[in-house]
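A.B. asks: Sequence order for the protein chains is W and B.
So for the first sequence, the working numbering puts the first residue at 1; every next one is plus one.
So for the second sequence, the working numbering puts the first residue at 1; every next one is plus one.
Since copy identity is lost for identical chains, a pair holds within one copy or between any two.
Once the Cα atoms are required to be at most 25 angstroms apart in a straight line, the calculated BS3-like pairs of lysine-lysine come out as: (1) K171 <-> K276; (2) K171 <-> K201; (3) K3 <-> K127; (4) K236 <-> K201; (5) K276 <-> K127; (6) K236 <-> K171; (7) K237 <-> K171.
The set of hints was computed from the structure by calculation and includes no laboratory data.
2 protein chains.
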Amino acid sequence: MDKKVIAIDIGGTKISLAVVSGGKIVSEVEKFSTPKTAGAILDKILDNIDKILKSYKDGKIAAVAFATAGAVNLDNTRVIGSTGNLPKGYTDLNFAEAIKNRFSLGVFIENDANAAAYAEYKIGAAKGHENTITVTLGTGVGGGIVVNGRLLRGKSGAAGEVGHLRMREEKRFYCTCGHYDCWEAYASGTGYARIAREELKNYPQDKKTYLHLKPVEEITSYDVLEGVRENDELSKKIHERWETMVVKGLISLANVFDPDSIVLSGGMADFVDFEKVQRIMDESLVVPNVNILRAQAGNYAGMLGAALLAEERF
Amino acid sequence: MDKKVIAIDIGGTKISLAVVSGGKIVSEVEKFSTPKTAGAILDKILDNIDKILKSYKDGKIAAVAFATAGAVNLDNTRVIGSTGNLPKGYTDLNFAEAIKNRFSLGVFIENDANAAAYAEYKIGAAKGHENTITVTLGTGVGGGIVVNGRLLRGKSGAAGEVGHLRMREEKRFYCTCGHYDCWEAYASGTGYARIAREELKNYPQDKKTYLHLKPVEEITSYDVLEGVRENDELSKKIHERWETMVVKGLISLANVFDPDSIVLSGGMADFVDFEKVQRIMDESLVVPNVNILRAQAGNYAGMLGAALLAEERF
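One chain only, chain W, in its complex shape (with noise of 0.2 angstroms):
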């Protein structure tokens, strides 16, 4: 019989709670807005934990898993980086400690980009891919990287961090790491918005555009991308710059790790032309053809990967 885990998701705006098996959500998803303050997200977390248990009496949950925001140590037990958007003392919680001792339940905690391009390796668009990539477009840019078929973790857990790869010679777009033109500042839906702006700004104000008929501060990614239907020369401009952008990104990474495949999630992902992106790919690379290839391991990849990840530990 194969082994259920508790996996647990915790983001900047909320948390979700399933009981999770051999890859799968046997439960109903269990889901809350995150709290304000650190205590209260352990209160609520163990509360759930201990609903759960209650209507799993015969004792089959054999560990709690956590897909988080922030850097984890190496024995995946601790949150070790800082995570802006979590309340001051997220990284003082240690949730190993407090279900070992309320449930005398193991713990296994993984960081979330890390989880979920672990679910993609293990069930999702990269399955038998020992060497992938999964890199998620989102709000910002974060990235897992399996290598012969373990996450790449680094000196300290931290590794993956492939959104701030650097893009540019000269300074240009401020990146939230204090830093300028990591390749987040670009690929991520806020680049996307800040190219769009950007260009916008440089453009003739008497010349027309698709992109004239909003305020600049309210245009979002998707007022550009129905330009770009609507065949709006600026909306084209500004998607393939952040097209570019992405593409490059994709191609460091490929050259750097050979790997069998390069895997998109995120909302940006939808952006992505695939068949474009991989024509570009096999003409750019000095290492062999990489697939890129769209995720599939689906909204919740991050608790599927780390409930499979503590059920090989426990």
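Please arrange chain B on chain W, whose structure you already have, making use of the hints.
C.D. replies: Structure of chain B alone, referenced to chain W:
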């Protein structure tokens, strides 16, 4: 007693051979110019192995280890990637078969940058660093990456092509790989000279600079460095532009791998102000600090690394 391995370094201009044991060269180093045809390379190498074996009659040679330009297959038995500096047909050579047939010895082949990185990890600057990257700043930019004590090979053996990180948004410098603005096109010796020529071309002819003492096409990186020492403004600008690009690539690698260290080797590493680069890195990373180290495994690092790997295999 330590095993003895015949180690061979095959480069575009010269080939070196020696007997290596436990990470040390224990014989004279035999050197000759790289023959002009693939067949002549094989013959010359076989003759030299024969000569060495005759002087080691007690049969203690355990294997033959190659460090070579080009990509090597996952079994470490064949060169599979094209190597511009080596004669046509080089990748068709089957060293393993030829050496097994004639001498009944096992063969281990590794890419020279990978082998050098392994030497730095085992006996050089990165000794004990289970996660470390060696970047060779020479005519080109190469790299070898150690993850959890093992070389990163990728799906096909071609991983570690750090010279082909993409570094610019708008196209500027053409790269040997047929595309634009790879790290190598800026951070290599060739890149340094190119930056110098570009800056000199844009520099007012009537403005004084140390670099006007020579025709543009004759200026080398050493002239620019001399200019830096003479406090020449243009020379300093060129050098800083190069240094900035070197550091950007190092930051990218550090953020993705979270390594213990990055080791710099190759002729252009002599141009690096290690203290300054370390300071910039410490202020720039999203992962914990990474030590920037000067290579210590010496000129024969490739041979030593290949021999160490062969000793583990045979």
